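Top line first, the protein sequences correspond to chains A and B. Be aware that the first sequence starts at 13, since it is given in my numbering, and climbs by one per residue. Be aware that the second sequence starts at 13, since it is given in my numbering, and climbs by one per residue.
I should point out that these hints are in silico values taken from the structure, not numbers from a laboratory. Please read all numbers here as calculations on a predicted model, not as lab measurements. Misleading hints may appear alongside valid ones.
In silico DMTMM-like cross-links for lysine to aspartate or glutamate, where the CA-CA straight-line distance does not exceed 25 Å [stated by the list, open to error]:
| id | chain 1 | residue 1 | chain 2 | residue 2 |
| --- | --- | --- | --- | --- |
| 1 | B | Lys255 | A | Glu120 |
| 2 | B | Lys363 | A | Asp56 |
| 3 | A | Lys242 | B | Asp249 |
Derived list of chain A stretches under chain B, where covered just means 3 residues or more per stretch with a C-beta under 8 Å from a C-beta of chain B [claimed, not checked]:
| id | stretch |
| --- | --- |
| 4 | 87–93 |
| 5 | 304–314 |
| 6 | 330–340 |
Chain B is faced by these chain A residues, among others (derived, beta-carbon under 7 Å) [what the hints assert, rightly or not]:
| id | residue |
| --- | --- |
| 7 | Pro26 |
| 8 | Pro221 |
| 9 | Tyr247 |
| 10 | Tyr256 |
| 11 | Thr271 |
| 12 | Pro273 |
| 13 | Glu282 |
Cβ atoms here follow ideal geometry from the backbone N, Cα and C, with glycine treated the same way.
Protein chains: 2
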Amino acid sequence: MSDKDTRSGVRIEPPERLLMGPGPSNPDPAVLRAMSQNMVGHLDPYFLEVMDRTMEMLRAVFRTTNHHTIPMSGTGTSGLEMIMLNLIEPGDDVVVAVIGYFGQRLAEMATRAGARVRVLEAPFGEIVEPERFAEELRNRPAKLVALVHAETSTGAEQPITEVAALARDHGALVAVDCVTSLGGMPVEVDAWGVDAAGSCSQKCLGAPPGLGPVTFGPRAIEAVGKRRSKPSTWYMDLGLLFKYWGETGADKQRAFHHTAPVSSIFAFHEALRLVLAEGLESRWQRHRDAHKALVDGLQKLGLTLFTPEHHRLPMLNVINIPDGVDDARVRGALLERGIEIAGGFGPLQGKTWRVGLMGMNADPAKIQRLIGALREVLA
Amino acid sequence: MSDKDTRSGVRIEPPERLLMGPGPSNPDPAVLRAMSQNMVGHLDPYFLEVMDRTMEMLRAVFRTTNHHTIPMSGTGTSGLEMIMLNLIEPGDDVVVAVIGYFGQRLAEMATRAGARVRVLEAPFGEIVEPERFAEELRNRPAKLVALVHAETSTGAEQPITEVAALARDHGALVAVDCVTSLGGMPVEVDAWGVDAAGSCSQKCLGAPPGLGPVTFGPRAIEAVGKRRSKPSTWYMDLGLLFKYWGETGADKQRAFHHTAPVSSIFAFHEALRLVLAEGLESRWQRHRDAHKALVDGLQKLGLTLFTPEHHRLPMLNVINIPDGVDDARVRGALLERGIEIAGGFGPLQGKTWRVGLMGMNADPAKIQRLIGALREVLA
């Protein structure tokens, strides 16, 4: 391509979409406005204040007092890999629960970090019972137990409390992927005894994609401190990152590590403000109410959910595609009506749809719109 | 912090800054507008078109036909580490030129990737002569030669052409950090025979920070294909990333890898459009002209540049702080006037300032404003 070919070029004019897939959800207009504010430097006194408040609000959202609580400068996936690459050294024993695609991904990351990985698997839709973790750790200890709280590929909630307690009893750290759950259902990092957790910006928190919120508790920090070797990554090295984000609460000296994504952090700051202004409990309730409204609406259309009711997520609904209905045609027809839903993942491809009710979109009027459109399209 | 403490919360209201540090520079208002457009999904047909056009425009900016040319979903640093972690396997021999902080960083990344690193060092302000690379490679071959084109900590340009040619002759790949140079001075990936290059979004390209543009040529792709082991990173794995970005030009099938930072890519797309609308040659000339205007202005104030003239960068100017002048006071007083410049790096801290003329800020009126403010503050 020569310069000339793009001299006029194409401008960004995205269509309006109601985003009812697995995220991104639609950000509040105030979040998009915050993102397009004046640029400032990544060491500007104003930006350092924004960083402090972002950490403070993120702690409130994670329900933790962990100092080491930041948005990683990459998407949610980067935050999870940051956890793995900092907590794991080559040769470490790691137990990973795999109840769907995102559990497989954690296991793959742990393997690449050099761990000897033992997988506790459950069929898609099911969860791993706590007793299986206990048995595995009794048979052989592990440095880390990693699991996905809200499995986006199957719509299943893997309960954390009991697993975290028994992992602790066996001297293992607990790392949790709460990419889909954070901001939309209870995530209690401190009360549950979770040592490290990672999420994303673009689902129930309602910011654009691009940041990977993470938190590390004292036991995790201790483990990182005891490493015999440096992590293979410089970009995601926890110690280096905290020379920029602040090694202690009192120490405001910031050392350059990388140029923070200033605008994305502006947007994230505003999204966190809105989450806490609503109140976490109210927000969780709103996501539960939205889920009920969706299930009611689906029932009237004769549609059923794939995931067993007792561990169904509120914000990510996996719907069985009725026999004889063409997956791609339905999703295409919905998109023509301005509504995005997602197809199934892996073995569930072509057999299920995934409908997200996240952030602003956990809303009765939007669910009515979706149900109305589905009624038309399926008729 | 309880939810209640932030129920009202603090809104994002950044001050206006003229950003004449090492980046971010001030983005064009059109870029910030693009970033705050409607959110769409990362697999939306509209977004897939944006991805294609982004790759196409980025190739034009890198002056390459490399298919593997994308913005990595992380800051410029992530793009450089992605290059290192994909090209290097444990035990590989790597030669790194270190003429300042960012060269040291490349060497550290290569070491963490498992390489046996040999460093060719030059004092801050100087460059490494091509003959030293030739000598090093004659003594012992290497898989990769890595070097920084525009060293942001010293203001020095390390010429690439000759080094790339002789590395090739010795069977080594060449990876270049062009974080500061891309869009502000000639970077000719194909003509120079560079195998991999990484830059950033927030300097001479004029987008917000948050993306790491990278390009990989055929020899680099071949080397990645011959790896005996997977990279330690899943997030930055080139092969996995290209299942999403498109394995070949014709194959439009995109597989989910991570949720792309949609808004940041909107902004980057608009920034690239503006770069190519101006024309790369015109843009390089504008940066050269700005540099001359700055040097003239500084001369009138009795200020001199640290970096020897024959390898001085246009967009990053390292200025000697006159004896008896307080570094922090001057930068503070400029910031009060709404102008950001940066302090010196490492051994140059307290001894130099760094003034960036990048993107929109390579502009005579803005340079006049800076010189005027400096005159006041130094008086």
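**Request:** Given the hint that Lys255(B) pairs with Glu120(A), test it: the Cα-Cα distance must not exceed 25 Å.
**Result:** Cα-Cα ~17 Å, so holds.
**Evaluation of the interface hint that places Pro273(A) against chain B, nearest CB under 7 Å** = holds (3 Å)
**Message:** Pro26(A) was flagged as interface toward chain B. Is the shortest Cβ-Cβ separation under 7 Å?
**Reply:** Since the shortest Cβ distance to chain B is 5 Å, the answer is holds.
**Proximity test - 8 Å, beta-carbon atoms, the stretch 87–93 of chain A to chain B, at least three hits** = Result for this restraint: holds, n = 5.
**Asked** the stretch 304–314 of chain A covered by chain B? Criterion: 3 or more residues, Cβ-Cβ distance below 8 Å.
**Response** violated (count 0)
**Asked** Under the criterion of a CB-CB separation shorter than 7 Å, is Tyr247(A) in contact with chain B as hinted?
**Response** holds (5 Å)
**Request:** Take the C-alpha atoms of Lys242(A) and Asp249(B), compute the straight-line distance between them, and say whether it is at most 25 Å.
**Result:** holds (20 Å)
**Asked** Hey, does the Pro221(A) contact hint survive, CB to chain B under 7 Å?
**Response** Status holds, d = 4 Å.
**Request:** For the pair supplied as a hint, Lys363(B) and Asp56(A), confirm whether the alpha-carbon distance does not exceed 25 Å.
**Result:** Given that 25 Å is the threshold and the Cα spacing comes to 20 Å, the pair holds.
**Prompt:** Any CB of chain B closer than 7 Å to the CB of Thr271(A)?
**Reply:** holds (4 Å)
**Status of the hint placing Tyr256(A) at chain B (closest C-beta pair under 7 Å)** = violated (11 Å)
**Minimum beta-carbon distance criterion (7 Å), Glu282(A) to chain B** = holds (6 Å)
When each numbered hint is compared with the structure, violations occur for hints 5, 6, 10.
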